[in-house]
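If you read the protein sequences in the order shown, they are chains L and C. For the first sequence, counting from 1, position 20 maps to 20 in the numbering used here; every step adds exactly one. Just remember that the numbering used here sits 55 ahead of the position in the second sequence, which is counted from 1.
Here are some, though not all, of the chain L residues that point toward chain C, as calculated from beta-carbon distances under 7 angstroms:
| id | residue |
| --- | --- |
| 1 | Ser17 |
| 2 | Asp52 |
| 3 | Trp53 |
With a Cα cut of at most 16 angstroms, we get these calculated EDC-like pairs of lysine to aspartate or glutamate:
| id | chain 1 | residue 1 | chain 2 | residue 2 |
| --- | --- | --- | --- | --- |
| 4 | L | Lys44 | L | Asp30 |
| 5 | L | Lys36 | C | Asp88 |
| 6 | L | Lys44 | L | Asp7 |
| 7 | C | Lys90 | L | Glu47 |
Pairwise CB distance ranges, derived in the manner of DEER restraints:
| id | chain 1 | residue 1 | chain 2 | residue 2 | range |
| --- | --- | --- | --- | --- | --- |
| 8 | C | His121 | L | Ile21 | 17 to 27 angstroms |
| 9 | L | Ser35 | C | Leu68 | 17 to 27 angstroms |
| 10 | L | Ile21 | C | Thr96 | 30 to 40 angstroms |
| 11 | L | Val18 | C | Ala207 | 39 to 49 angstroms |
| 12 | C | Arg302 | L | Gly38 | 51 to 61 angstroms |
| 13 | C | Glu271 | L | Ser39 | 46 to 56 angstroms |
| 14 | L | Val18 | C | Arg302 | 44 to 54 angstroms |
| 15 | L | Val18 | C | Gly264 | 27 to 37 angstroms |
| 16 | L | Met1 | C | Asp83 | 25 to 35 angstroms |
| 17 | L | Lys48 | C | Pro218 | 18 to 28 angstroms |
| 18 | L | Glu47 | C | Pro218 | 19 to 29 angstroms |
| 19 | L | Ser17 | C | Arg324 | 20 to 30 angstroms |
| 20 | L | Ala8 | C | Phe148 | 37 to 47 angstroms |
These aren't lab readings, by the way, just hints derived from the structure by calculation. Since the model is a prediction, treat every value here as computed from it, not as a measurement. Beta carbons: idealized from backbone N, C-alpha and C, even for Gly.
Residue-level listing of the chains:
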Amino acid sequence: MKCPECDANLKIPDDASVGEIISCPDCGADFEIASKNGSVCELKHAEKVGEDWGE
Amino acid sequence: MPKFRIVFDRVRLEEKMLEEKAIELGHDTKMIDAKTTNISTESKKSDFDFGDVVLERCVSYFRGLHFTACLEFLDVPVFNRLEVANNCGNKMFTSLLLKKHNVPTPKTYFSFSSESAVETLDRQGYPLVIKPIIGSWGRGVILLKDRETADAILEVREITDGPLDRIFYLQEAVKRPPRDIRVISVGDQVIAAMYRTSTGGFKTNIALGAEPVPCEITKELEDVCMKASKAVGGGILGIDIMEDEKRGFVVHEVNNTVEFKGLAKVAKRNIPKEIVEYAVNLAVR
Numbered sequence: 001m002k003c004p005e006c007d008a009n010l011k012i013p014d015d016a017s018v019g020e021i022i023s024c025p026d027c028g029a030d031f032e033i034a035s036k037n038g039s040v041c042e043l044k045h046a047e048k049v050g051e052d053w054g055e
Numbered sequence: 056m057p058k059f060r061i062v063f064d065r066v067r068l069e070e071k072m073l074e075e076k077a078i079e080l081g082h083d084t085k086m087i088d089a090k091t092t093n094i095s096t097e098s099k100k101s102d103f104d105f106g107d108v109v110l111e112r113c114v115s116y117f118r119g120l121h122f123t124a125c126l127e128f129l130d131v132p133v134f135n136r137l138e139v140a141n142n143c144g145n146k147m148f149t150s151l152l153l154k155k156h157n158v159p160t161p162k163t164y165f166s167f168s169s170e171s172a173v174e175t176l177d178r179q180g181y182p183l184v185i186k187p188i189i190g191s192w193g194r195g196v197i198l199l200k201d202r203e204t205a206d207a208i209l210e211v212r213e214i215t216d217g218p219l220d221r222i223f224y225l226q227e228a229v230k231r232p233p234r235d236i237r238v239i240s241v242g243d244q245v246i247a248a249m250y251r252t253s254t255g256g257f258k259t260n261i262a263l264g265a266e267p268v269p270c271e272i273t274k275e276l277e278d279v280c281m282k283a284s285k286a287v288g289g290g291i292l293g294i295d296i297m298e299d300e301k302r303g304f305v306v307h308e309v310n311n312t313v314e315f316k317g318l319a320k321v322a323k324r325n326i327p328k329e330i331v332e333y334a335v336n337l338a339v340r
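The following block holds chain L by itself, in its conformation from the complex (with noise of 0.2 angstroms):
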């Protein structure tokens, strides 16, 4: 799979679920997967950090 950011390789792993956040090694842009049919994903940008986030 391609990054969506800078077209480098994505390597996801075949365990990887839908909400778990993938970083592409080149550009360091991280997505989220927003689908996963077999080894066919859909990602989309993943959410920044918000105010809000933890515990």
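Position chain C relative to chain L; hints supplied.
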């Protein structure tokens, strides 16, 4: 077979551990993304697949809080309950409840304008710790050592001027070893505890690199944690405790959506198992 649901907005290691454990325990388990779920005043429980019980695990406090309100509207059993999430998500509410219920807690001062905050600082003397009333991972927690530092921080608050920036939460700097204790309590039990030792500064958050070290669960520790748990309404909680040189244990925070990957490394009991079993047993009995 109990139907166990985890509501998330970002899957962290904790959510994966909880999901794996629930499946291993034989529960019909599903993950539900809060970000793609729509609920209305016209919604009914049967419109959704929220199962027998939901564990609310959103990393965004406000998202989780409001989602919980919707779940309770639909009569879906959810942990933690809305009241508990509200009590724990706001440090000021937590401090007030702890004190009200005679749980030892640091002296904390509340001001509602920067001018009043300066008055408090001048009256109580430095240092005091300023904390945002909403927030985690030690962010925005600053030791105000002198007037100059305080003026700078208060000025930044005035510039950002969010609604919560107008609430000033100032806490005594407790004299303690350079560590604190994180306890996980589930219902009426303490299930794990660790020391979090600072890596240099005065903060001891695992998110900032503090090392987890096992902590013995003494009767005294258990008692103070159970009082703190009851004060905020019970449930699945992360209780933060300092060891004051004179007073002993003082509870300074109670966390609602507890992170436990650090503690899981040193805990004797299986934290995800305890959480899942507690939620299922209470909802299904």
